[in-house]
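Enquirer: Given these sequences and hints, build the entire structure.
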Amino acid sequence: MNPFIEIITQPDNIAIVIMIFMVSFFMVWAFQQAFHNDRLLAAGLPVDGENDKFVDTFKPLVRIELIIALVVMVGLTIWSIAVDAPLEEIANPTLTPNPAKAPWYFLGLQELLVYFDPWLAGVVLPSLIVVGLIAIPYIDINPKGNGYYTFAERKWSIIIFSFGFFVLWLLLIVIGVFFRGPGWLWYWPWQEWDHARVVFEPFRDLSSVVGIDSRSLAGFILGAIVTGAYMIGGMVWPYMYWKKNNPEFLTKLGMVRYITTVFLFITMMSIPIKMVLRLVFLIKYVWITPWFSI
Amino acid sequence: MKSLPEITNQVKKNLIWKSIFRRDYRNTVRDRAQAVFGNVFLHLHPVQVRESAVKLRFTWGMGGITFFAYLLLIITGVVLMFYYHPSIDQAYTDIKDLEFQVPFGVILRNLHRWGAHFMVIVVMIHMFRVFMTGSYKAPRQFNWGVGVILLVLTFLLSFTGYLTPWDQLGFWAITVGTNMGAATPLLGYQGPFSEFLHITPFNDVRFALLGGALVGGNALLRSYIWHCVAIPLIATILMFVHFWRVRKDGGISKPQK
Chain A
1 MNPFIEIITQ PDNIAIVIMI FMVSFFMVWA FQQAFHNDRL LAAGLPVDGE
51 NDKFVDTFKP LVRIELIIAL VVMVGLTIWS IAVDAPLEEI ANPTLTPNPA
101 KAPWYFLGLQ ELLVYFDPWL AGVVLPSLIV VGLIAIPYID INPKGNGYYT
151 FAERKWSIII FSFGFFVLWL LLIVIGVFFR GPGWLWYWPW QEWDHARVVF
201 EPFRDLSSVV GIDSRSLAGF ILGAIVTGAY MIGGMVWPYM YWKKNNPEFL
251 TKLGMVRYIT TVFLFITMMS IPIKMVLRLV FLIKYVWITP WFSI
Chain B
1 MKSLPEITNQ VKKNLIWKSI FRRDYRNTVR DRAQAVFGNV FLHLHPVQVR
51 ESAVKLRFTW GMGGITFFAY LLLIITGVVL MFYYHPSIDQ AYTDIKDLEF
101 QVPFGVILRN LHRWGAHFMV IVVMIHMFRV FMTGSYKAPR QFNWGVGVIL
151 LVLTFLLSFT GYLTPWDQLG FWAITVGTNM GAATPLLGYQ GPFSEFLHIT
201 PFNDVRFALL GGALVGGNAL LRSYIWHCVA IPLIATILMF VHFWRVRKDG
251 GISKPQK
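As given, the protein sequences belong to chains A and B, one line each in that order.
Just so we're aligned: the first sequence equals residues 1 to 294 in our numbering.
Just so we're aligned: the second sequence equals residues 1 to 257 in our numbering.
Hint data in this document are derived by calculation from the structure and do not stem from the laboratory.
Watch out, some of these pointers could steer you wrong.
[Stated by the list, open to error] Straight-line alpha carbon distances no greater than 25 Å define the calculated PhoX-like cross-link-like pairs of lysine-lysine that follow: (1) B:K55 x A:K59; (2) B:K248 x A:K155; (3) B:K13 x A:K144; (4) A:K59 x B:K248; (5) B:K254 x A:K59; (6) A:K144 x B:K257; (7) B:K257 x A:K53.
Expert: Written out as C-alpha cells, the structure reads:
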C-alpha cells in the first residue's frame, strides 16, 4: 500500500486528518467574518452582533445546545463504530520502537527537539507558551476588536497569534505525524520508511563556521556575543523604532509590558530562526557553555 | 377510551409528577424564566441571552462542545474503570477483555479514545475563536487565563490516559514525554545546573512523575490516579470558575466600541 495512505488511515491519525479539516474550516470562517466586519467598520456601520436583541434561553438556546449535543454524539458514535482504537503489543521496555512518538498534540514540541536541546524544547519553551498565552490579555493594550471578529483593527496581534498557532503549533504537529519516520528523519508521503537509512549531516557550530573551536574560550565568547546580541538587540531595537515612530504607543505600553511582550516575541521568533540555521546552514549550536548549549 | 389530553391531565395531577415538576409550564415569560433558574442543570445560563449566543457563527458552540466531550469522557471513563486494574500484570489483559469479553467493550473504549482526541481538537478551536473575537480583552482577562490552564489540563488528561492500556504505544509515548522532565533546568538530572542541587535520576522531576527511575508499575498507578481522579478534580473546579466567570464578566462577549 502507498505509505501515505497507510499513515493517514492509521486509527490515531484519523483524528489529525479530522483536525486539519476542522481547523481549516474554522480558520476560513473566522477570517471571512473578520473581513466582513472590517468592511462594515470602514463604511461606519455597526458590526455583526452590535445591535443584538435578547432572546429567551428557554427554549432557543437550550434547543440549539441539545441539537449540537446530539450531532456530536452521533458523530462520535459513528466514528467509534467505524474505527477501532489501536492496541499494540504489551509494553516491552527492551523493545524500543523507531520512531518513538509522543501523543500527537505534543509532536510539535517533539519536533522542536531537532532544533533545541531537551531542556529548551521540552521544558522552557512549553512553559513560556503557557505563560505567554496567559499574558496575552495583559500585554495587548489595543482596546479595539473586543467582542467581534475583525482583522483591520488588530492586525499585528492576529498575525503573531496565527503564526504561533497555525505554523509553530499545528504545522509542526502535522510534520511530526506525517513526515517523520525512523530516526526522526524526514520522509515524504510517497517514500517508504527505511529503517537502515542513515543520514550523515556534517553539523557544525556557529563559531566553527568562522574557524574557531566552539568549545574553546574564544568560541564560548563568540557564542555569548551572538546570543546576547540577539537578545539585547531584540529588546532594544523595537524600543528605538517605536521611540522614533510612535512614542505615544510606547508610553501607553509601559516598561513592564514592553519587556514582557518583546521577550516573548523574540523567544518565539528564535524558533524559526534556529530552524533556518539548522536546516539551511547546518548549524547545530549557536552557543556552547559547559552547562548548556543553545 | 380516554383522549390524550385527558391522560396527560391525569398524569400531571398525580402526586409524584407534582413533586418533581412543581409548576405547570404554560409558556409565559415567567414560566420560561422559571424553566431556566428553577433547574439545576440549566441555571448556569442567564434567563435571556443575546442573539449571538444562539447563532452558531459567533461562538461556533465550541466551549459547549468541549464541555459535552468532557462529560462524555467522564461517563465512558467511569464505566471503563469497572473493567480495569491499574497494575502491569492486569492492565493489558483488561483491555483485551474489553475487546473480546465485555459487551460493547470495543465501542466503549473507542468512544473514550476518539472523544479524547475530539476534545483536544475542539478545545484548541475554542481558544482560537476566543482570540479571534478579542474576547480575552477587558473584563475577561482572568477567565482567558483560567481557560489556558484548562487547555493544558486537557492535554495532560489525554497524556496520562495514554499509558493506561500498558501497550507499546503508551509505554514509549510516556517514556519520550517524561524524559523531558529529566531535562528540567535545576530539577532534572540531565538539565542544566542540576549538579549544583545534587540531582540524580533518583530524586529529580522525572522520578516524581514516574514514581521510579523507569516507566513501571508505579508510573502506571500514578498516571491512572492523575488521569481518573486528580486532574478531573482540578479541571472540574476550574470549569466551575470558568463558567461562573463567563456569567459574571457579562456573558458571551459583545461588541464593545
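Enquirer: Does each hint hold? Answer for all of them.
Expert: Here is how each hint holds up against the structure:
1. B:K55 x A:K59: holds (13 Å)
2. B:K248 x A:K155: violated (29 Å)
3. B:K13 x A:K144: violated (56 Å)
4. A:K59 x B:K248: holds (22 Å)
5. B:K254 x A:K59: holds (21 Å)
6. A:K144 x B:K257: It holds: about 7 Å lies between the C-alpha atoms, which stays within 25 Å.
7. B:K257 x A:K53: Judged against 25 Å, a Cα distance of about 17 Å means the pair holds.
The earlier numbered hints that this structure contradicts are 2, 3.
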